[in-house]
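4 protein chains.
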Amino acid sequence: MTAAPKKVVLAYSGGLDTSIILKWLQAEYGCEVITFTADLGQGEELEPARAKAELLGIKPENIHIEDVREEFVRDYVFPMFRANAVYEGLYLLGTSIARPLIAKRLVELAHQHGADAVAHGATGKGNDQVRFELSAYALDPSIKVIAPWRLWDLTSRTKLIEFAEANQIPIAKDKRGEAPFSVDANLLHTSSEGKALENPAEEAPDYVYARTVSPEDAPDTPEYIEITFEKGDAVAINGQAMSPATLLTALNDHGRKHGIGRLDFVENRFVGMKSRGIYETPGGTILLEAHRGIEQITLDSGSGHLKDSLMPRYAELIYNGFWFSPEREMLQALIDKSQDYVSGTVRLKLYKGSANTVGRWSDMSLYSEAHVTFEDDAGAYDQKDAAGFIRLNALRLKLIGNRNARVK
Amino acid sequence: MTAAPKKVVLAYSGGLDTSIILKWLQAEYGCEVITFTADLGQGEELEPARAKAELLGIKPENIHIEDVREEFVRDYVFPMFRANAVYEGLYLLGTSIARPLIAKRLVELAHQHGADAVAHGATGKGNDQVRFELSAYALDPSIKVIAPWRLWDLTSRTKLIEFAEANQIPIAKDKRGEAPFSVDANLLHTSSEGKALENPAEEAPDYVYARTVSPEDAPDTPEYIEITFEKGDAVAINGQAMSPATLLTALNDHGRKHGIGRLDFVENRFVGMKSRGIYETPGGTILLEAHRGIEQITLDSGSGHLKDSLMPRYAELIYNGFWFSPEREMLQALIDKSQDYVSGTVRLKLYKGSANTVGRWSDMSLYSEAHVTFEDDAGAYDQKDAAGFIRLNALRLKLIGNRNARVK
Amino acid sequence: MTAAPKKVVLAYSGGLDTSIILKWLQAEYGCEVITFTADLGQGEELEPARAKAELLGIKPENIHIEDVREEFVRDYVFPMFRANAVYEGLYLLGTSIARPLIAKRLVELAHQHGADAVAHGATGKGNDQVRFELSAYALDPSIKVIAPWRLWDLTSRTKLIEFAEANQIPIAKDKRGEAPFSVDANLLHTSSEGKALENPAEEAPDYVYARTVSPEDAPDTPEYIEITFEKGDAVAINGQAMSPATLLTALNDHGRKHGIGRLDFVENRFVGMKSRGIYETPGGTILLEAHRGIEQITLDSGSGHLKDSLMPRYAELIYNGFWFSPEREMLQALIDKSQDYVSGTVRLKLYKGSANTVGRWSDMSLYSEAHVTFEDDAGAYDQKDAAGFIRLNALRLKLIGNRNARVK
Amino acid sequence: MTAAPKKVVLAYSGGLDTSIILKWLQAEYGCEVITFTADLGQGEELEPARAKAELLGIKPENIHIEDVREEFVRDYVFPMFRANAVYEGLYLLGTSIARPLIAKRLVELAHQHGADAVAHGATGKGNDQVRFELSAYALDPSIKVIAPWRLWDLTSRTKLIEFAEANQIPIAKDKRGEAPFSVDANLLHTSSEGKALENPAEEAPDYVYARTVSPEDAPDTPEYIEITFEKGDAVAINGQAMSPATLLTALNDHGRKHGIGRLDFVENRFVGMKSRGIYETPGGTILLEAHRGIEQITLDSGSGHLKDSLMPRYAELIYNGFWFSPEREMLQALIDKSQDYVSGTVRLKLYKGSANTVGRWSDMSLYSEAHVTFEDDAGAYDQKDAAGFIRLNALRLKLIGNRNARVK
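Chains as they are written, first to last, in full-length UniProt numbering: chain A, 1 to 408; chain B, 1 to 408; chain C, 1 to 408; chain D, 1 to 408.
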């Protein structure tokens, strides 16, 4: 960073850490600070952030509190779910997918306010710093990004508290000590990691889970729901049409009730180390299962296998922070192209931690009972065709077999 | 098929259908028939197959009944699980992986007996014909493969029964009518498909499930087990070393009890149509979860992501019947190379249909609490490195951003 | 084929073989025949095909002769070149890419004439039958496709000539004997294979080459040309704007003159065998080199590497006949997305068999001399960033190194 | 770098730049310096480096000059060529593949001498720093790597010369000024980049080329050579067995004479910028063509297509410096597995810049004239099999076609 920033848009949660950052920015650079607080469905009241920002000296016109839940689900979560994206086999990318949207709004607000920098509260060890900054730089190559955790000397809880006290930042009683673990939440998921969870050999204690009941405490009777898709996106539950965020909220309620979507996971961070996280993705877990269910009857093998083979790469791009990259957009174009006929309804059974497809139907179905039937198929399929099919598929293998026998 | 076969090795289950095939081969070709009946863990008594074969005129020295369970798990199931292979996102390939072993033994017995052909009872619509035949041709390019279902005119249940009666083939009472669905079983899984299951919109009735209790009927209390791996293969449960087949059998018991491994699935067959199957893979589902769990701490991202990206192709090869192909062997070499350090123990919670990793530890772990800790890391990681890391990863995106802004 | 076709659209070249097919269709099925003769740039007069079709009894309104060169290059060749598609490392897919267009016109004419079938003259051993038929079935699942070479008993040259004579089909003198090899040509390439070329150990004789001078006979002085691209497609040569087919024709002239684009190749056919072909793709070879040249400065690594990694799959789809498949269209969407900024000009040196990029420039260039310069870069790039970049990329490798040292 | 290094092994060329580094290390850290000078086939006398090192105060026992050409070709170049590796479609990775070997020897010498650090002369903008350092860290996670170009303030030619003069470092007359471009050379290639070559629009002047005659100056008569392979590696030229380095040297002579292997290229560096290089890879270009030629008849499509699809990833790993990574080793295991039967001989025509396969033969050939022949194949292939093959491949497309027609 050559020159000090003059005006900074800060991703501000209203919590202690970002309040400290707010003050530190003012103190360090003497710069004007604009705050951006987004309702991504994290389940917290945001208006207190306004009062707090004002208390910390931010001008009212520099305080932005926005409900971005619909944009979040429609333009980020849903496109990602079209790909059935999971990172390293299991993680539904709940944190990863929220960062580009926040970065985009930070940059847009910077342009609106004539600010030359944006700032975030992610640490120097994690993935979020990468996601924020790659997104910001992609959207505005000349923007400055300030990551106080990599810059300041407030390297212990004690120093942070001292700084807060010295700067008249209110400290909630339960924030004086160290939190037993760190939490991130949005409409798609809640993640918990660090400290009490750092030993991957030990089962996470039940109090870590915030978004789901324990499967043991879930209802003893299964519940069935039906999710309807249009072109790869969920549009209705049990026949009732809903907006994207409304639908995901409703799925979260279903998932919470039935203890669905808990994941104890050790993952590879982009910055090179492994970390252990506890994830809860109640609605997303149901949605992924349902999307796979509707693709089962509406996608052919050529489309499905191509998507499947590229999914890990797509998921890795999102995890690593490359949402706003040309290669993610190229993959998105491929994936979206596959979803033209992914419409129909899936019936799922929710029960004590599981969401399982038990039925699916669609006007767009490629399933042909006429072909597959064990009964008389009325000539739909000539079994003798299989002989030629197999013999030509085998020809290469026979030539290899002959060669290998010849030369051994 | 130009000339009639003289001596045929038949994959013989002892059931009505393969007994009809046995007689049909004798009648159609006047050939000598050798029977091969394998114990793959399907859970049926095999000795009755001997008596039945004798009754149908097979010479005792031409009757082969073998327990291949250890070979099956050691040389087929375990190598496949090293890859975390699932077909189309969900299917654990339980039928697919058994066919190459059967084909291999058929060909070996053909060589031993000087037979010129092998025969199987798979129909002309399914994948199994492909798997049997590609395997047989790969192992012996000059072998003949006879698939009576593609050849004969016994195209209805009535005709089959008539043929059986005309040929003194005993018919169990419950085999006179049509079975409500078709079943395949081995130590890894049981699959059910066809007829009563042909409508993918309708939930499969509970009586279809043969290998697992319903999650609703599973114990109300979770059970914890620990699975130990060496170089990617499971070797012990709860500290007790077991042979491959013994271990999988024990996992099946755990899975059955807790209702784990049920799957209602619509898949794309290699021959071009979709079919719906109900799969039960109790032990395999636990094993897959555990293998992922141990890889989480023992595999780095480079290895893991490469494996992940190739898994769909590897699974497709197995599904399509290309086990004995050079490309499957190439992928196996890659996967096996990745497993050198995949050793350690995973702790799982089994509960009402779910098997979830809740802890994992290993002498070979790459997880470094020293690096990831939220606490002071004593210099293990310099957070300032992240700034350079991000800036160089962003450089390309900035150049793109500048270009796009310039030309738009 | 259950029922005989009533009306057939035949891909008719006017040559002896397809004339025999024409008559055979009439004789075998008593059906009406519509002929389709396309000018794909193969360099033959097509009007004689009209006279010949009339002579063989085809009604004038059933004779279609069309110049499809612009459509061929614009909608098939150019999209393929956006992908830099080569099959098995070297083959530019000149035959493969023409078949879908012919099949499409056959099906469209069938619809126009109310025909229930289409017919082609490809043999049962090659790829072209697959390409024709997969395309036709994809475009009209109910169409019948007749492949006389797989059906009739005219299995020797003698029998063909006898049939021709018996049916008053004129036979050019040079067609009585066997051709020394088989040729296919269109605006993109000429392929030669079979008979005299069947021994892959022997160099192809020079008389096989029809579209290019020998490099030894090419001018002793290099020629420089400049090709301009817009969004991935060539639009001008030496500053002169041209339509797609005009441009490819002009490049062919350049390539012919300089002996560019000869390939002696052994490839794997989709039907399982290897074959040896001699290909001449003069203009296409120049175009591929130029397209790579312009991508070098206009595509970033993320886009380019993603394209590169999918190219073999895309090329295989085209080679195997899956142009009209959803997966080809998905890949095309991805590739086309990458070409938005692939505009600019490439300078090439043509000399005795080689076409080499020697310069390239573009308003859309991502090349930044400011960054790469060995001179003072005025702060565009901070070399110290590289330290952090490397250290975080190395972190994983260090953790592996430590682990491996610990456990060995 | 926390503490100053005590003993450093320096990759020392004997040239001015690394001599300055040598002195700077002594001055900056007061450390003992060990020099390592490798003969990688760069074509320079290395003994002068010994005298120069001694002159600069290095103890004789701390000076290492080694001929590593055989190891280089056998363990690095040849394994890479088994993959047909090219970066971004065209670059044969000549610089990339040499760096891991140098880094490995630096680390080994560090262990031998009890040194705690290694040092290299690569700048902070390029790929080589990454390759050196990732290799070193992978082989010894605790080693320090010193990259003076990222550390010192000798940021202009003038300062470097002043430092040299102040430290009694002899300066050859032609080194006082700036070189017009930067050169790297080894047995596989020579690369030139920077300064005079920084404008990618301008053709590189002929004097840049050091390893090949201009195609225009190459012989007017083609030369034919035959290269014999065993398990994927070249072992003989024209029937004469040679060691790896001897063989590559001989191929370089052939390539030089015929002007083969020149490449004008703009590539994407790992550090995020584009750069333009002029590469000459005379022997390697011939070797790549020949290896592809022998694979054409000895590799089946399954193996070949799998290799092809992974090649870009493999090449990118080498380019980016991940030779000593588990994923490169996994890919190598896959590739090596494919080469078991890649033995035989390729005949090439060398002429004015081109090396083209014109014949290939092998005892291991999979090419079957019996199958492919246009003549009577004596029943090797039943053309009717193709009908079933096509119909089952088309089934999916037909189902899609029906669906799309139904719903549109």
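In short, the hints are calculated from the structure, not lab data. It is possible that part of the hints are untrue.
To be verified - Stretches of chain A that chain D covers, calculated by requiring three or more beta carbons in the stretch to come under 8 Å of a beta carbon on chain D: (1) 304-314; (2) 379-393.
Said to hold, decoys possible - Listed next, the in silico DSS-like pairs over lysine-lysine satisfying Cα-Cα at most 30 Å (straight line): (3) Lys231(B) with Lys398(D); (4) Lys408(B) with Lys7(A); (5) Lys159(D) with Lys59(D); (6) Lys257(B) with Lys6(B); (7) Lys195(D) with Lys384(C); (8) Lys144(C) with Lys144(A); (9) Lys195(D) with Lys398(B); (10) Lys257(B) with Lys349(B); (11) Lys231(B) with Lys159(B); (12) Lys349(C) with Lys384(D); (13) Lys231(D) with Lys195(D); (14) Lys6(D) with Lys144(C); (15) Lys398(D) with Lys231(A); (16) Lys59(A) with Lys6(A); (17) Lys175(A) with Lys59(A); (18) Lys59(D) with Lys195(B); (19) Lys175(B) with Lys159(B); (20) Lys398(A) with Lys384(A); (21) Lys398(B) with Lys231(C); (22) Lys144(A) with Lys6(B).
Nothing here was measured: the structure is a model prediction, and the numbers come from that model. Glycine included, each C-beta is placed from N, C-alpha and C at the ideal position.
Evaluation of the provided hints:
no.: 1; hint: 304-314; result: violated (count 0)
no.: 2; hint: 379-393; result: holds (count 11)
no.: 3; hint: Lys231(B) with Lys398(D); result: 45 Å, violated
no.: 4; hint: Lys408(B) with Lys7(A); result: 27 Å, holds
no.: 5; hint: Lys159(D) with Lys59(D); result: 27 Å, holds
no.: 6; hint: Lys257(B) with Lys6(B); result: 48 Å, violated
no.: 7; hint: Lys195(D) with Lys384(C); result: 22 Å, holds
no.: 8; hint: Lys144(C) with Lys144(A); result: 64 Å, violated
no.: 9; hint: Lys195(D) with Lys398(B); result: 24 Å, holds
no.: 10; hint: Lys257(B) with Lys349(B); result: 13 Å, holds
no.: 11; hint: Lys231(B) with Lys159(B); result: 52 Å, violated
no.: 12; hint: Lys349(C) with Lys384(D); result: 48 Å, violated
no.: 13; hint: Lys231(D) with Lys195(D); result: 42 Å, violated
no.: 14; hint: Lys6(D) with Lys144(C); result: 81 Å, violated
no.: 15; hint: Lys398(D) with Lys231(A); result: 21 Å, holds
no.: 16; hint: Lys59(A) with Lys6(A); result: 15 Å, holds
no.: 17; hint: Lys175(A) with Lys59(A); result: 26 Å, holds
no.: 18; hint: Lys59(D) with Lys195(B); result: 86 Å, violated
no.: 19; hint: Lys175(B) with Lys159(B); result: 13 Å, holds
no.: 20; hint: Lys398(A) with Lys384(A); result: 21 Å, holds
no.: 21; hint: Lys398(B) with Lys231(C); result: 21 Å, holds
no.: 22; hint: Lys144(A) with Lys6(B); result: 81 Å, violated
Violated hints, listed in ascending order, are 1, 3, 6, 8, 11, 12, 13, 14, 18 and 22; each of the other numbered hints is respected by the structure.
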